[in-house]
Every structure is written in structure tokens, then in C-alpha cells.
Amino acid sequence: MEAHSSLKPLVAVLVPLLASLLIMLSGKRPNIRELWTVLGSVAMFGIVFSMLPSALGSKYPEIVLFTISPGIALAFRADTAGIIFGLSASALWIVTSIFSIGYMRSLSEEKQTRYYTCFAICLSSAMGIAFAANLLTFVIFYEMLTIATYPLVIHKESPEAIQAGRKYLAYLLTGGLVLIIATALTYKYTGTLDFSPGGFLSGVVEQHNLLPLFVLFLVGLGMKAALIPFHSWLPTAMIAPTPVSALLHAVAVVKAGVFGFVRVIGFVFGPTLFHEIGAGNMLAVMASITIIASSLLAMYQNNLKRRLAYSTVVHLGYILLGVALLSPSAWVGGLVHIANHAAMKITLFFCAGAIYVKTHCENISELDGIGRQMPITMGAFALVSIGLVGMPPLNGFISKWFLGQGTLAAGEGIYLIVLLLSGLLNAGYLFPIVRRAFFAQSSKRTKFAEASILMLAPLVLTALISLFLGLVPDGIFHFYSLAGNVATSVLAGAGR
Amino acid sequence: MAQLPAIIPVSLLLSAFVAFLVGTFSRSLVYPITLLGIVTALVTAVMGLIRVLQDGAQHYYFGGWPPPLGIEYVLDHLSGFMTVLVMFIALLSVIYSRRSFLQEVPEKIVPLYSLVLLMLAGLTGIILTGDLFNLYVFLEIASLAAYAIMAIGNDKAPVAVIRYVIMGTIGACFYLLGVGFIYFATGSLNMGDVARILPGIYGSRLIVVAMTFIVIGMALKMALFPLHIWLPDVYTYSPSAVVALIAPIMTKVGAYVLIRMLVSVFLPNYLTSVLPVTLMIGWLAAVGIVAMSIMAIAQKDFRRMLAYSSVAQICYVALGIGLANPFGLIGALLHILNHAFMKGCLFQISGGIRYRAGLWQIPQFAGLGRHMRWTMGAFTVAAISMVGIPPACGFFSKWYLVLGCIDAGNWVFAVVVVASSLLNAVYFFRVLEKVYMVPSNNDSTVTAASDPPGEMLAPILVLASGIIILGVINAVIVTQILEPIVSLAF
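These protein sequence lines map, in sequence, to chains A and B.
Sequential numbering of the first sequence, starting at 1, is according to the working numbering.
Sequential numbering of the second sequence, starting at 497, is according to the working numbering.
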């Protein structure tokens, strides 16, 4: 691993922060305010994308700022793992910004300035999480993300929203605090917190201390990653405006938790140690339970967004399973799924948002014949559903293929059964929506009436990206190469 | 500039008398004189701290008598840090106080400001002196002045303060008795001298008793749980600007004396080997943090909520002292600084709400967020810091305290520190929900409210931005100022 000094990772964190400031200042002029959001998102994506070539060449842009605690600096490094997360979040922020404008204006929501400001701060925190070079920097942005998302969850300001906000804070603040203890403990054991591929705990920490330490990380990160039994805030948080559910509760926030697992397992514990203490099996079992249980729970949801939320929990479980299995292809599958699931799930949420704006329906039982009224929206929904089930030619198939290979390479065939079974279950809760939309008859939905182009274009685009990444897994964003790169650097010498 | 350590309390003492004399003739001159005295002291304190950072501790012998005969003033990292903090908060509070006093207690400005100066002279004296008995003298000066200014409130204030007077006097007596025992045992009152003599007579029962008395005395002064019962009433009924001045610094000076004893007189080695007094402080603090946070949740009166929160927060400091290890002590010292900013800001906001809307019951705050934008923005920053979210400074004191707990292997303390953040979140987010999300029921007091005048708003905003700045630069403070203090002890 080579690092070279560069301002870019810092700029990626600061650009959305600057955007949030400008958004706040131009609150009285909506058009200029929205211009800042779009400009900020494009600029951030540009910066992250420009770091892609050097990351692919294993030359990581790095910047060490000032000390924040004796021996620990605020430092950013755009390594391959960070780029995967950063790239998917920043690319999808652009489409979400455009979708947000359409969504918020169609519903003429109040307090839009607060909404866009907090949104930008969330993205800044997500970038900080992606590019944090040590655990303390990671924790700082992890906590910032928790707080910055809160005003978005309670955006409606209704009693239910406030209640959801309380639940959200109770779960995520607790998670953050447990993570702080875990971080402090790591610091006490090793005197350092710098992420390094293959981990830094091995040899310095007594064996019997390691499993408790991992359990602390598990609780701290599991809250955000919505791992069962810490998942129940996520369906509740669906009360937030749909763009928030789309980008934050399918991409940035929950993936920050999953990404934390990637960091902790690959860059703090290291795969060998992680396997030796039995944490690998523990996490894999928990992830499998999460996958199966929330697939079943998803079937019972009538509220569309809640069903999608449970589906998110399922797919976060996929990623965690891949990471826990520690074989190279499982890691590739898991990491690629961070990006692939992001593109797919955001499409489904966009569809839910478009339906809500057009018809004010939130429940699946009310969607009879919606496919005739909104054929493009529901076409995208149907296409992406195929991907989430894990069938070609969508990108979901790619992730699942590698995950499946990974289970066999790790010699844990049982998890292959989990994956295949969950594919069926995914179909069980997604396809009925498609069937209802296109084949159920409804007298009131006969005329063609799509949502505005500002909402339609983003959802078509993300659906096409999902298709594109299924046909050309290594196209444009090079997620496949990036994931392979991470897997090699982390698992080198792990012998599995 | 060898007189630097002495100039600070003396200039305050002088301006206290000048303010009173001039004030009897012209009331309008009192405020400028007060401001001048405080600015002089602050500038001197900053200069002193810079000198300490460059050349190490500064000593000044009154009347040229070297210790142990004469009285010594010491400006080292610890006292430099505390003086600058106390004077900075004092400056902001006094700027803030003018409009507030004019509204709440217009006819008592002259005695108020002279007493404020007298109290500050006492507090800086406590911090700077190197003599155990001299410390007692200044303790009494500061306390008596504080009793008086706090009693100038509404009808309930004098009654509330009576309890403070009794408890405070008992505390001072305990301290004095402790000092007496030390004098018996060592024949000296100079801190440095006592510290040299003590290791030879560690076995002496007199020392054990002296230590215990001093700790009890200071526990009363700093309102350590369960000796805090005087505090909530006093903070609720005194004039808001007075509370905004006293809450951030007064109890902290009690904590300072404990730390001074730990660092310069008894040394941690004694405290941990002979008498587990620090551990006892730690356990009281741990119980106090939880109990007082729960009490804060139960309050409807905003000022009372902040008062209970103050008790809980001073327990953080006590917990750090109780850990008796380097990280714990850094956490305690950093929290003295951070909490002074946070609570100063919060009490000033509370005063601002009272000034503009005449409200202090939280249920009536609905809709204030729309009308007092800047004030409530500052409140949000302070609340987030109290919960301990980075980059606000509250996160970092929590971080060092957790490191200290883990170093000491004390898991109960670690859980308490962390869990109390959640309790803080409960009572602060409850206010935030009320202020921002519950629509105002078109109550004219709320809809007519606006941000307080610039003189009051500026200190609030300075403190709020200070909360973020302190968070970002905390490592500078820790490595430059706090680590030298800690290295004295460990």
C-alpha cells in the first residue's frame, strides 16, 4: 500500500459541508438553494471519482490534519474500500438531489432549507466515514451522521414522526456510545487506532480479550447496520420523506454501519485473528438469521416503504455475511453488493416516492393497477425487483454469484442454502407488488399519469445503472476491481 | 513582571472598592469600572499563562518573605489555566449581565457589581495562592460575596441562599479544620513545603483526618452528590445573569481545590495507598451522575433542569478526579473547561428566554425556535455538546474519561459515563422537540419573542462557537496545558 499526500479526501468531506452552509444562507431563494445542492453533489462526485484511478493503482491519496487526541490525528485516506462506499454514496446523491427537488416541491413541504442543509451534512459525514484513516476519525463522523439524520427523520413533525425520532436516537446514540467504548478499549490495548489492511490487533492483545471487544463493536456498528436484533429503528424511520429513506436509510446511514464492519474486520482485527476467535461464525450466523427473519417479516408489511425497509435489512445481511465468511470471493461479493444494493434499493424507494406524490398511497393493498397509470415507474420497479431477487441480467446477480462462490470457498455450504432460500423469499415479497401493479384490475387507474420528470428521470437512471452494472460489472465505476483490490490487500496471507 | 500572579486578585480587589465608592456617587460609572477591572485581570491572566507556557511556573512572595515563612503565589499550568477560564467566563457574563440586571434588579446594580468583583478576587485568590490558610481566607471572601449576590433575586432567593450559607459555612469549617490538622502535623502551611514533609509522616492519623476533612469541605463547596442539596434552589431563584456567572465557575473552583490537593499537596500515591478517598469520590460521583441526570429529566422548570444537570456534570469532574490516573485527570480538567462553556451558554440562554418572553417552564417553550432563531441555534449546539456528539467539545471530555475508566479497569464507571450521555439526550432532546417541533398555540408571549439584544446575544454566540472551537483544538489544550499538570502528579 502506497500513500501520497493529497487534499482530495479532505475536500470531499468539506464540499458538502460548504454546500450546507450556502444552502442555509440562501434559504429565502429556493432556486438558488437547490442549485447549491445540485452543484455540491456534482462537485463531490467529481472529486471522489477523480480519486478512482489512483486508488485502482493502489496509490492512496492521504491527508493528515491535526492531532485530536494524544497520538491520534484527524486523518483521511481514500483507499479502495473507502472509494467503494464514497463513490456509491456520492454518485447517488446527485440523483437523489434531483429527485428531492421534484418530491419536496410536488408536496410543497415545509422547512425545506433545514432538509437540504441536513442532507448535505449527512453526506459530508458519510464521506468522513468512508475516508477516515483511523478509528477515532471514523467514530467522530459516525456520531455526526447520527445527529445530522435526526432532523430528517422527524421532518414531518407529527407526533408519530417525533416518536420515530426518539426511537431512532435511542438506538443509534446507544450504538455510538458502545462504539466509543470499543474504540477506547482498542486504544488502551494497542496505543494506536490507524486502520491497516490485515489488522493491527494480532499479537498485541491477549486472546481472551478479543471476543468481548468484538461484541462491543458488533453492538456499536450493528445498530446502524440494522442487524437483527438491532434493526427495529429502521422500519420506524420510514416516516421520513422518501428521498431520505432512499439515500440515507438504504445507502449512507445503514451502509456506514456495514462499512464499519468492513473496517473493523479487515483493518482492525484482521481476518486471521477474526476467524481464530470465532467471531466469523458468530457474525455469519447473525447475518443469516437477519436475512431469513427479515425476509419473512417483509412479507407481512402492507406499507410499501416498511416492506422496502425490511428488504434493506435483508440485503445488509448479505453484505455482512460476505464480510464474515472471509474468503476472497465472499468479500468481493459483499463489497460489490454495497454499491449494487445501493443502486437497486434507491430505485425502489424512488418508485415508492413517485407513487406517493402522484396518488398519496402508502400501502401495497392500494396499488391495484398502478402499473397502468405509471408504467415507467412500475417498469423500473419490476426490473430492479428481478435484480434484488438475484437473477441476471441485473447487478444483484453479480453480487449473489460471488457471495455464493465465497460460501463454497470458505467451506460453509450451509450459507449457500441461506442465500438461495432468501432469493426465493425476496421474490415472495417483491413480485406480488409487481403482479398487483400490472395484473390486478382497478377502475380508477386507467389513465397514464406519471410523476414529474424531476422524479421520473432519477429513478429510470438508477434502474439503468443497476442494469448496466449487471451487464458490465466493472464498467465506469470499477466496483469489481476495487472490491478485488480490497479483498487481496486484506486477505493476503489469511489462507482461506 | 514577577508580580504577575499577585496582580490578578489585587486588581480585582481594588476595582471592587473603587466600583463601590464611585457607585455611591454615580451609578452609571459602575459598569465601566467593573468591565475595566475584569479586562485588566483577564489580560494579566493571559499574559501569565503565556509566560508559564514559555518559562514554567512563576512564583511571587508577598512582602519578599520566602516560603515557608511568607505567603507564596504560584502561577503554574493549573492555576494559569483556571484563572484564564474564570476571567474569560466572567468577562462574557458581565457583558451579558447589564441588560439583564437592568430588567430584573435595576436598583441594586452598585452592590451587585462590587460584590461580583469581590467574588472574582476571591476565586482568583483561591486559584493562585500557594498557601493553605490563605486559600481559606479567599474561600470565605468568594463565598460571602457569592451568598450576597445570589440572595438579590426574587422573594424566594434569600430563603434558598440561607441553606447555601449554612452548608457553605460548614464546608469552609471542615476545610479549616483540615488545614489546622496539617499545621499540627507538619508545622507548615505552604503547599510545596507540606508536600515535602508529608511523605515522612504518611502513617500519621492526623493526616488521614486532615485529608478527610478537606475532601468533605470541598465536596460541600463543589456540590458533590449527595452534598448538593443547596444548589438547585439557588440556581433557580437567583437573578439569571448571576447564575450565568456563578454556575460555570463557582463549583469548578471547589473541584480545582481538590485537584490542587491531589497534584501539589497529598499526591495521588498517598490517596490510593493509605486511604481510598479518591475511589470514594469516584463512587459518589458515579451515583450522582445517574441520580442527578434522572432528576434533571423530571424537571419542568428549565432553570431547575439546568441546575440538576450542573450537579451531574460536576460529578463527571469528580469521577475523573476519583479515577486518580492521568487520563481521568485530563478528562476532569478538560470537563471543567468544556462544562464552563456549555453551562455558561445554557444559563445565558435561559436568561435570554426569560428576558424576552418571561418564560422558564419548558412546556411553554413550544414554538420558540421560530422566534428566537440565534438563541435556539446556540441552544442546539450546547445541547449536542452536552450529549457528547463530536465535533462539540463535550465529546472529548467523555472520550478522556472513558479512556481513564478503562485504564483503571473500572467498568461500572465507564458504563455510567456512557449511559449518562443517553440521559442527557433525553432531557435535552425533550426541550429541542418542544422548541422546534411542537407548534406554538399562538401564545402572545411566544410569538412576540425575539432574540435578546446584541449585548446578551453576543456572549451566547461566543460561547456556542467556543464549544465547537474547543472541540476542534482540544488536543492543543491537552498537550500544552493539561499534560504538564498531570505530569506533576503522576
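Derived by calculation from the structure, the hints in this document are not laboratory data.
Glycine residues also receive a C-beta, built at the ideal position from the N, C-alpha and C atoms.
Do not take every clue at face value.
As the list claims (entries may be wrong) - Computed cross-link-like contacts, BS3-like style, restricted to lysine-lysine with a CA-CA straight-line distance of at most 25 Å: (1) A:167 with B:930; (2) B:796 with A:167; (3) B:796 with A:111; (4) A:444 with A:111; (5) B:930 with A:156; (6) A:167 with A:156.
To be verified - Coverage of chain A stretches by chain B, computed from C-beta distances (three or more under 8 Å per stretch; other residues unrestricted): (7) 54 to 68; (8) 142 to 148.
Unchecked claim - Reference excerpt, derived from the structure (chain B facing chain A, CB under 7 Å, subset only): (9) 885; (10) 886; (11) 898; (12) 914; (13) 919; (14) 938; (15) 971.
Hints versus structure:
1. A:167 with B:930: holds (17 Å)
2. B:796 with A:167: holds (22 Å)
3. B:796 with A:111: The hint is violated at about 28 Å.
4. A:444 with A:111: violated (33 Å)
5. B:930 with A:156: holds (14 Å)
6. A:167 with A:156: holds (15 Å)
7. 54 to 68: holds (count 3)
8. 142 to 148: Holds, because 4 residues of the region 142 to 148 of chain A bring their Cβ atoms closer than 8 Å to Cβ atoms of chain B.
9. 885: holds (5 Å)
10. 886: This interface hint holds because 4 Å falls under the 7 Å limit.
11. 898: Because about 5 Å separates residue 898 of chain B from the closest Cβ in chain A, which is inside the 7 Å limit, the hint holds.
12. 914: holds (4 Å)
13. 919: violated (11 Å)
14. 938: Nearest chain A Cβ about 17 Å off; hint violated.
15. 971: holds (4 Å)
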